[in-house]
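J.: So the chains spell out like this:
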Amino acid sequence: MDLKEWFANRRKRQENLEIKQPLTTEEYCALWKQCFQCRELIYTRDLHSNLSVCPKCQYHFRIGAQERIEQLTDEGSFKELDSSLSSTDPLKFFDTASYSNRLEEASKKSGLRDAIITGIASIQGKEVALGAMDFAHFGGSMGSVVGEKVARLVEAGIENHLPVIIVSSSGGARMQEGIFSLMQMAKTSAALESLHEAGLMYISVLTEPTYGGVTASFAFLGDIIIAEPGARIGFAGRRVIEQTIRQKLPNDFQTAEYLLKHGQIDMVVERPKLAETLARMIDFHQVIEFRPRVAKTKVEATSTHREQ
Amino acid sequence: MDLKEWFANRRKRQENLEIKQPLTTEEYCALWKQCFQCRELIYTRDLHSNLSVCPKCQYHFRIGAQERIEQLTDEGSFKELDSSLSSTDPLKFFDTASYSNRLEEASKKSGLRDAIITGIASIQGKEVALGAMDFAHFGGSMGSVVGEKVARLVEAGIENHLPVIIVSSSGGARMQEGIFSLMQMAKTSAALESLHEAGLMYISVLTEPTYGGVTASFAFLGDIIIAEPGARIGFAGRRVIEQTIRQKLPNDFQTAEYLLKHGQIDMVVERPKLAETLARMIDFHQVIEFRPRVAKTKVEATSTHREQ
Amino acid sequence: MVNNETKTVPLDFEQPLTVLAQQIELLEAQLQSQPELEPDVTHLRDQYEILRRSIYSNLRPIDHLALARHAQRPYARDYFDRFDNTWMELHGDRKMADDPAIISGLVTIGPYKVVAIGTDKGRNLRQKQICNFGMPQPEGYRKAMRMFEHAEKFHLPIITLIDTPGAYPGMAAEEHNQAEAIARNLMVLASLTVPVIAVVTGEGGSGGALAIGLANRILMLEHAVYSVISPEGCASILWRSADKVATACEAMKMTAAEIHKISVVDEVVDEPLGGAHQNYDLMAHTLQKSLIKQLDKLTKMSPKQIKQDRLEKYRKIGVTVE
Amino acid sequence: MVNNETKTVPLDFEQPLTVLAQQIELLEAQLQSQPELEPDVTHLRDQYEILRRSIYSNLRPIDHLALARHAQRPYARDYFDRFDNTWMELHGDRKMADDPAIISGLVTIGPYKVVAIGTDKGRNLRQKQICNFGMPQPEGYRKAMRMFEHAEKFHLPIITLIDTPGAYPGMAAEEHNQAEAIARNLMVLASLTVPVIAVVTGEGGSGGALAIGLANRILMLEHAVYSVISPEGCASILWRSADKVATACEAMKMTAAEIHKISVVDEVVDEPLGGAHQNYDLMAHTLQKSLIKQLDKLTKMSPKQIKQDRLEKYRKIGVTVE
Ligand SMILES: [Zn+2]
Ligand SMILES: [Zn+2]
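Those protein sequences? They're chains A, B, C and D, same order as listed.
Quick note on numbering: the numbering used here labels position 218 of the first sequence as 218, and the sequence is numbered without any gaps.
Quick note on numbering: the numbering used here labels position 288 of the second sequence as 288, and the sequence is numbered without any gaps.
Quick note on numbering: the numbering used here labels position 301 of the third sequence as 301, and the sequence is numbered without any gaps.
Quick note on numbering: the numbering used here labels position 46 of the fourth sequence as 46, and the sequence is numbered without any gaps.
Chain A on its own, in the form it takes in the complex (with noise of 0.2 Å):
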């Protein structure tokens, strides 16, 4: 909408007042998308009721943590975990603006605490310790908030004897926390190394895009690991790679289904069918018993983190 457009409609505004409006463009991206892959215009009400999956070419657009808990629990069933977890900023690091005021724009920009949500739920009638990753803040990237969250539900799996799910979409570690940030992998890694000695299960979703920490961690250390079509996953980023080794990738290289053929995750699952088959995984590892599951090794349950 141009300028001129815009004072004609004043005028028109001005003339009479229940002239239709053209829509804003925040308004018309809000009502319409276009698929990444096919390019078709899907209507965002559509698109939401589709699982977020374009209808044409089962593009499977990225999620929030939000969207993705809606999607994979029964309804009413999420309770939230460690809700007011916040981020500090124990380096006082400053690049070209203050990690505190990125912090805030984060939070503004996704409307969430940080990176991930955690909490108890059940997915088609089973309980699980559940964790969802949210790209759209941070970059979905992991300091000492979503390692801490990830360590407490994975405590809370242990202590309740629950299965625990993780989707993960994750740019890597987060570069402002520094060291402390790199120390979260070895944090959530630890946790799961109890959950596994525990004899739990942990399922890990890989979804659009999982990188760096994230994969180097918790999210490659499931007894089942299953990604969603056309994710990409890996550890180092495309781009260095290429830049590394100076020759072009395949197409499909860090993909899915690219991950599935090299042996890395056990299935691509589309998402309409993602709820019934964690259930399903869930039902079928818990099996008549031949021996108690006890946990052998526990850490203290009192979280102990230091406060700046």
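None of these hints come from the bench; they were simulated from the model.
Owing to the predicted nature of the structure, the values given are computational and were not obtained by experimental measurement.
No residue lacks a Cβ here, since even glycine has one placed at the ideal position from N, Cα and C.
There could be a bad hint or two in this list.
[Claimed, not checked] Among chain A residues calculated to face chain C with C-beta under 7 Å, some are: (1) Leu-260; (2) Gly-263; (3) Gln-264; (4) Asp-266; (5) Phe-284; (6) His-285.
Start from chain A and add chains B, C and D with the ligands according to the hints.
T.: Chains B, C and D with the ligands in isolation, oriented as in the chain A frame:
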């Protein structure tokens, strides 16, 4: 020596009993050996005192189980186990000759009852359960006797709390014992599982050549795997692979050095250093312990084997 | 998939049957015009059944081999589909490859949930190439090992269906240490505290078969074979002649009945007359019954007993004198 | 190997020292003919020492980085050789490769026998290429994992020496699932009941460093650095400028002193004045003393306590508010 010569000699013998005899071919071969690698002629006694390693090019000649044990163990320390254990012919196997006949032939040729000698010995003062295979007996093939002797050796290790060392040299499974032979792979691996559970060390030494069912069972299950220089080691034979892939293989394919480069063995150790390396390995792993080593699972010590 | 209406490919030793069947067909075609032929047709049909039974109760080892290798022989996937039409396939060794020659997944068999592993030879030429004709790569064995560990963690019994010519004699397979991959599987299988049942459904080819075959109970289908080396390999090494395959088959005692007789195999599972490929559904049903029967017994044991049972089984195998 | 006689390569911030050293050299050359210069030379020599100390007690983060990356910095092999000149190197992941960027073996450190693992950057160009400049492949991490398990089985403590730019962003590395390799190492390290001590001796580069760095105690040499991303990577992402490396170094708090201050690192090990490369023997000796001191404490714990100690350490790392 041709007939004429022989008659001439006989005549001379009759004329003069003190005449010096020319060497027979056998005598000649017994006195001199030609290096397979550098073609050097070596006086057999020198070769033997050099641990059957060519003094010129360091080629490691194949050696038998007896010589191996002499080289490795402290003099007089070797106490053989199960020396009377022998093969039978459970399948009444008959190819161009019967298996029974072949067994007799093999023993006549090698002077052994079967392709492995096992016992308790000390290596530079360290007590060990030691097995040495002999390629000269039936191509070092593994049938019921090799399987049973390995299993008993491992059990002796568990009982006496000793590390186990097996020096392998084998063409693979002994076809003439059919499925019994295949099952010795399972039997020896299962025995080693019990050793592993008992927290005891097993060192596998691979020598020229080690192939087939022996590599795909006890030979590749060492906590530490050592190979002799130049030894050829693999599952499938070089010729079979070349026929399958219709390609020439690299010259050093399946050599100890190739395997080292491909991460399959821990080290290549020259024969003169083997005893010392084994002794140091054993010494290193006898550490001040944090916890008692207890055999968790123990198979009935009395071996129950069928006789037909 | 083959069902009863699909014509199955006849084997050499079935030649007399084929001839007879053709005669019957000819007569049947004339029945309409010459109804007096009816008794002859009936007689021939009876003869056919008698001949069929006679042939199938007098098979030579090489005939079993032909049945075990029949192009229409049901493979692991055919069984899994019939045990549980919603079974969930799990892929990959997590490290570098998903070997299609070894398939694995979560399968319900009657009242039991199990981790199922099987070799896959591939049905059509393209699939056969993808599956490397059922010869696994080291990555396939390592995928199986991941499944063993999964089963152990979740206390799920393991069922393996074996039909493979053996390990693949390839360069990469050696470079990726297939000897170690097989050996490690044997050691891990020996360590498990969950029941393991191995079934040789077709060819049990040497180390490649054993790599998923160290089990509490070994079953063989009636016409399956199991051997330490392929009969072709055996013939060429011992007789230096490819013509001696039949002789090698006899010498090695590789049929289900023979191996059962020497107590290495615990149970021989009946096949439909004419072989498993004559009736996939019936074959799967019979096998399922056998598996459930074995699982009924094994799951009554404690984890410790299950492991002990397996260790003792293999401790005893072999024939020696002192 | 560098010893005290070999000229070490000067770094940027050492420029004033180099200038002064040249002046001293000039004067020294004249001493023979002009003995009256003796006091000047002595004075300058004192000045040199004062300047040196002053420079080394006022290093910027990027100066530490330069020292950590110094071409003559001692690498794992240099330490292992000095701890135990008969240490036994163990090779390979048993599956497909022996990654030269990760070395491992059985090393005696004072009264302790340990499984030692370290990264290797390679000294000359050829070695550097073989070692991929210290960037391990997935097979390297898996080799390390095999060593972790070996140590656990034989109750041997684990020492890791870390000096790596990080994991390698290569195609094969991704295809061989380096993410999983690193993650699996973290989980296995967390599970061990033997003491693990990690020492960042040079560069602690991100996930590649952490893959052998999850330990009961983390030590850093005085001039070592440890960061979640290379400063170059950080600068190019956050400032979109390669010039901002110094700023990125400051922002990330990657020096030993800074990381020790926030309690992620347990001990900072003094280096010889001028950096570890000035005196390999002294550096190895100092580090050995620290390791023995740490081992003295850790080996007093029970296996259960050792594991618990490690889990609690990592459970606590991170800064959040509620
Ligand atoms: Zn689309
Ligand atoms: Zn020579």
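J.: Does each hint fit the structure? Answer for all of them.
T.: We went through each hint and held it up to the structure:
1. Leu-260: Cβ of Leu-260(A) sits 6 Å from chain C, so the hint holds.
2. Gly-263: Constraint on Gly-263(A) satisfied, holds at 3 Å.
3. Gln-264: holds (6 Å)
4. Asp-266: holds (5 Å)
5. Phe-284: holds (5 Å)
6. His-285: Constraint on His-285(A) satisfied, holds at 5 Å.
Going down the numbered hints, you'll see the structure goes against none, and every one checks out.
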